[in-house]
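Engineer: Sequence:
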Amino acid sequence: MRGERRVAAPIAALLAVGLVSCTPALPETVVPDTQITVGWTGGFTSVNAAASPTRGNVDIAETIRADFGDLVDGEFVADEGFGTVTIVSDDPFTVRYDLAEPVWSDDIPLDAADLLLAWAGTAGYFVASEDAAADADAVEMEVPALDEFARAIDVTYPQPTIDWQRAVSAPVPAHVVGQRALGIDDPMEAKQAVIRAIQEGDDDALAEIATVWNEDFELGKDGKLADELLLSSGPFRIDEVSEDEDGQSVALVPNPSYRGLVTPKVARIELVPNGDAPESEAGERLDVVQLAPTTANREIIRQLERQDFTVDTRHDGTLWALMLDPTGVFTGAQARAAFLRTVPATALTERGSGVWATAYTGTTSMLSAPGSRAYDIVNEDSGFSAALATPADDAALERESAGIAPGASVCVLYDAGSEFAVGAFAALSEAVAEAGWSIADCGSADFAGSLAAGAWDAVIARVPIPETPEQILDQWGSQGAASISGSVDPERDALVAEYAQTTDVYEARDLLAQIEATIVRAAVALPIAVNPRATIIDRAVTGIAPRTGAAAPLTYGVTQWEVVP
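For the sequence shown, our numbering gives the first residue as 726, with consecutive numbering after it.
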């Protein structure tokens, strides 16, 4: 905001959204001529984040799409300004998605057609041809019942689903899809045509709709996109997209048609390339910067804090853990538990975090994050503290009781390019030596390749904190594609299946704790700390509250952003 603003000269294409003469006035909350410039590393490629859910597309969607709510710290937070989601029947499990009175930025109302189109997308109707065979069963779901007068749909699921509140949204306008796919000019007729195609299973029409869904909302190589494809239902709309030698920039301005409970306060948000050292440009070119805290940037950021810049550190949706291969020296669960009990997670965090020690929060869970409501239940019920976090009275004796000879070698893999991993490895080596374990340094500059090769006994790894049953199975299921430890447990698989069909938030927390307990009993992982992400905020900007996790961590809550007078 202060300082000279560098204006990018487009070398690719400039995308501008024209305003028609009948555009409604901006919300009274918007302060004219205010702007916030944000360092951004996203990359915008599609307006349809449901079809292309890249990090950058999800960032943008958070600002230009209204929906029924968001996941915040693992809990669903409803947005009743958009509508309500209600279970109307337990058997069969049926959910009503009921819109309030949102409209697209061309003033066409969102209605049942938009919800039905979104449902069809999640049900697999528009899967690309190469993936169609894998999702063939998905299209067999019962088509939802429509209440067009109430702007609602009732979705009957084959079984209860934990994700019922977020399963349907409105990622793209149905009238635009119908117009482009089916050659219909009138927007309301286009909506009806989309409804008929889905209800009647019209393969030809659905094929045309699928093409528009998957392709038309993608930015082309020239950066151009038709105005109707840029319609917004959220608090902001895209004003322009440009690209220069530094990267892509996206400009957002308030959507005059937005009817949400909280409307924007700032007149323009510029998402611009972060640059090589964004912390050095905070307060000058950039008002807001989000980055990974490192030793190299600590001093600059400390000086910014001394100048009353806000530095907000929250976890990025990943955690550091020490994980074991349950073969070789760690074939026995008793041996694994004996080793893990010698490892002081706090010491690993302190050595790994270095000058950023206060930014790292210790954790006792592989499945939930500190600060979430689920974490407290999981921490209390998983049995971790007694089983793995309490050191043995005689660690050497416990090792010997597990059948492991003194000096047993443990090859520990870690990322040699990671400050945290290098420091944590050093602390680990010192700690376990006293118990008679011999640590072999298996650090690698090609961490991913070495991890896949499997020639290690233990690994210090940063892994995602799962948010869905599918993600839990991917990491911890017996057939998990992203499983590091390779731990197999039919009981865990069954618990995850039950968790996936749990609609009560309190029962879900209890089940998550039971799933965590199976990981604790397997003694294959020691959670260390959640990984931080730092957000630097100019002192002349307020209202920015970054979200934890991977999805839209910065652009969540943009309606609260404002410039200090």
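A couple of the hints might just be wrong.
Said to hold, decoys possible - Listed next, with one range per pair, are the computed distances between beta-carbon atoms:
hint: 1; residue 1: P1131; residue 2: E1216; range: 32 to 38 Å
hint: 2; residue 1: P817; residue 2: G768; range: 40 to 46 Å
hint: 3; residue 1: T811; residue 2: V987; range: 52 to 58 Å
hint: 4; residue 1: D1235; residue 2: Q917; range: 21 to 27 Å
hint: 5; residue 1: D1119; residue 2: V987; range: 47 to 53 Å
hint: 6; residue 1: P1189; residue 2: C1136; range: 34 to 40 Å
hint: 7; residue 1: E1216; residue 2: E1155; range: 44 to 50 Å
hint: 8; residue 1: E873; residue 2: D1033; range: 25 to 31 Å
Quick caveat, the hints were computed from the structure, so don't treat them as lab data.
Cβ atoms here follow ideal geometry from the backbone N, Cα and C, with glycine treated the same way.
Engineer: Taking the numbered hints from earlier one at a time, note which ones the structure violates and give those numbers from smallest to largest.
Structural biologist: 3, 4, 5, 6, 7, 8
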